[in-house]
Amino acid sequence: MATVLETRGVSKRFGGLLAVNDVDLRVEEGEIFAMIGPNGAGKTTMFNMIAGLYKPTSGQILFRGKSIYPIREFWRNYTPLLAGYYTVADRARRGLGFGPMPLALRPHAVTTLGIARTFQNIRLFSFMSVLENVMVGEHCRMHAQVYDSLLRTRRAVSEERRVEERARDLLKFVGLERYAEEYARNLPYGHQRRLEIARALASGPRLLMLDEPAAGFNPQEKAELIQLIQQIRSQGITIFLIEHDMKLVMQISQRIVVLDYGEKIAEGPPEQVRNDPRVVEAYLGKSA
Amino acid sequence: MTTKAQPPPPPRPRSRSPIGRLRQLGSGWLRTFMRAKRAPYIVLLIILILFPFIDTNQGHIDVAQDAGRWILLALGLNIVVGYAGLLDLGYAAFFAIGSYAYAMLASGQFNLHVPFWILLVASAFVAALFGVILGAPTLRLRGDYLAIVTLGFGEIVPRVFRNSSKYTGGVNGIVGVDQPSLPHVLGFPGYKFLFNPVPYYYVILTVLVVSILLIVNLRNSRLGRAWMAIREDEVAAASTGINTVTTKLLAFAMGASFSGFAGTYYTAKLFLVTPESFSFIVSVTVLIMIVLGGMGNIVGVIVGSLIIYFLISYVLVQLPGWLTSLQASVNLPFLNNVDLGAFAQNSKYLIFGIILVAIMLLRPQGLIPSAQRKVELELGIQEEAVADLRGSA
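In order, the protein sequences belong to chains A and B.
Using this note's numbering, the letters of the first sequence map in sequence onto residues 132 to 419.
Using this note's numbering, the letters of the second sequence map in sequence onto residues 289 to 681.
For the record, the hints were derived by calculation from the structure and aren't laboratory data.
Source: prediction; values computed, not measured.
Check before you lean on any hint, since a few could be wrong.
Stretch by stretch, here's where chain A covers chain B in the computed footprint (C-beta under 8 Å, at least three residues) [to be verified]:
#	stretch
1	511-522
2	530-540
3	570-578
Residues from chain B that keep clear of chain A, each with C-beta distances beyond 10 Å, as calculated [said to hold, decoys possible]:
#	residue
4	Ile334
5	Ile421
6	Arg428
7	Gly458
8	Val459
9	Leu599
10	Thr612
Note that beta-carbon positions come from the ideal geometry of N, C-alpha and C, so glycine has one too.
Input sequences plus hints: build the corresponding full structure.
Structure representation (structure tokens):
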């Protein structure tokens, strides 16, 4: 199995606080990989670094073997004779330009590469319709230029049609097709979470990062979510999730990593992690 | 599935899927415009085309064309503020750039006489370029901070024009700018605009119609959706794959290009340009127009522009006279020593301000709000959503 996402010695420091300390992760293609840990363990910080919202203080993040944050490779990238980590074909396909790669990719470029995410506190475009929310998700797959948008060219119109169809299919997939014209903010909480997943899927990701997708769900909604996640995975999309619900995590993930105070304290299949003394200690405190 | 357990959503007040309705129609934006739903607009357009024949009073037509210029400015600012949510208090700067672009390239200043028709389009590009240049430093800013920086640019640009007198004529501006004319080609005798407002009226009407069509197209496009996503939540927009830098710069450029049109037109109509025409009050007036009319809604913006224009150019001008004659007819002894007319004359902007406060208290969502703002204000979500919008503004 190929590695989709790899972090090497990633650390993040906010002033005096070391939020993430030297974390190595490997997410393999096609698996459901979970990250757990007590509150404040640095899980969301980790997500934000992978998604390009934060730059790591040190370390590297590699997506499908290529660096998202070519920090150590800075000089290599900025030296014309050394080609850098992106091949010419890759740059052309991804629309990344042919100059030296920036020190860190910005969030939209990370999404364009094939990493989509949802947020812990839902961040939808509240005053846009459900359908438009998903269509925005397809932004990075669209090709309409400014003049296409201005003049409503044939190309733009046919693309709009395709994108809208795809968006409706995605809404059907997550079970929200009836709400397509509704404002995102009018949806009930559970549907908003689903819509966020649909929006993330719209960018055509290889890796989907879910930040506490089951927060605030009742058991039935959790069961539906598990079903949805497994359906997404069966389409060949790798899933990397943060979740507090141990039952859900143990049930669906192939491998689990545990963070505590920004450090990786355990990694492995669910049964191994469950019995790891350090994990038990992090969650329940040291026994007397 | 919980989906099944939910009651069906309530009927929407207005179809929110223009794209959905458009998609059966194939391409061709002209056909889009000619749809049956547009019938009232087409009737209105025909009336506007016939207006100079119905009303032959040149004064009225002059007023109409000036109102058209304000509408064009408001439509441009609506892209920046209403769609992309970037609060721009220095919009007059782009208006000034458009005006000076025409004045410098079509006058005796440098002895250049580029035709009006070319510059009408070219100065839109010049203004767009400056939109990008002035927009670039503001990209990291949001809300109040963005407003302050744009306010600064709004002050800098007219001042630069005033102080570089070698090129711009300084305080006196550039006088004797070329008048537009139709060239004599293919047997057509040619036509000079001179002081007749009617041809100007048709120019601004054409520019407006084209601008509105373009803006409607933008609203329902990839770019328009990206703007609105940035307005709603910039972090989420970036994580969804929208390049926030280029998208925001495009909003500035597009907004500026419409004021470039307006600037060229304004200068050509007046035959002169002075730095005094682009003071802060112009930026604020345009902003008031779109806030009053309903941000993000094209019809609302147009109605708002017309009302504010009417207030400024008619009500406030006539008010001193009205008050004086009222005073004379009422003839109250204690009023005899007070010159109400002079008071109204001197405190024009005080009265303007009071009217605005009253309108906003009575209708905070604007006269014809875009669907978004309406829901936001009526459902009373209040702090949270408003703060969200402000945060992304």
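Hint-by-hint comparison with the structure:
1. 511-522: holds (count 8)
2. 530-540: That given contact holds, which follows from 5 residues of the stretch 530-540 of chain B lying within Cβ reach (below 8 Å) of chain A.
3. 570-578: violated (count 0)
4. Ile334: Consistent with the label, Ile334(B) stays out of reach of chain A, its closest Cβ about 23 Å off (over 10 Å).
5. Ile421: holds (17 Å)
6. Arg428: Holds, since 12 Å exceeds 10 Å.
7. Gly458: holds (37 Å)
8. Val459: Holds: least Cβ distance 38 Å, greater than 10 Å.
9. Leu599: holds (30 Å)
10. Thr612: The claim holds: Thr612(B) sits with its nearest Cβ about 48 Å from chain A, beyond 10 Å.
Taken one by one, the earlier hints fail for this structure only at number 3.
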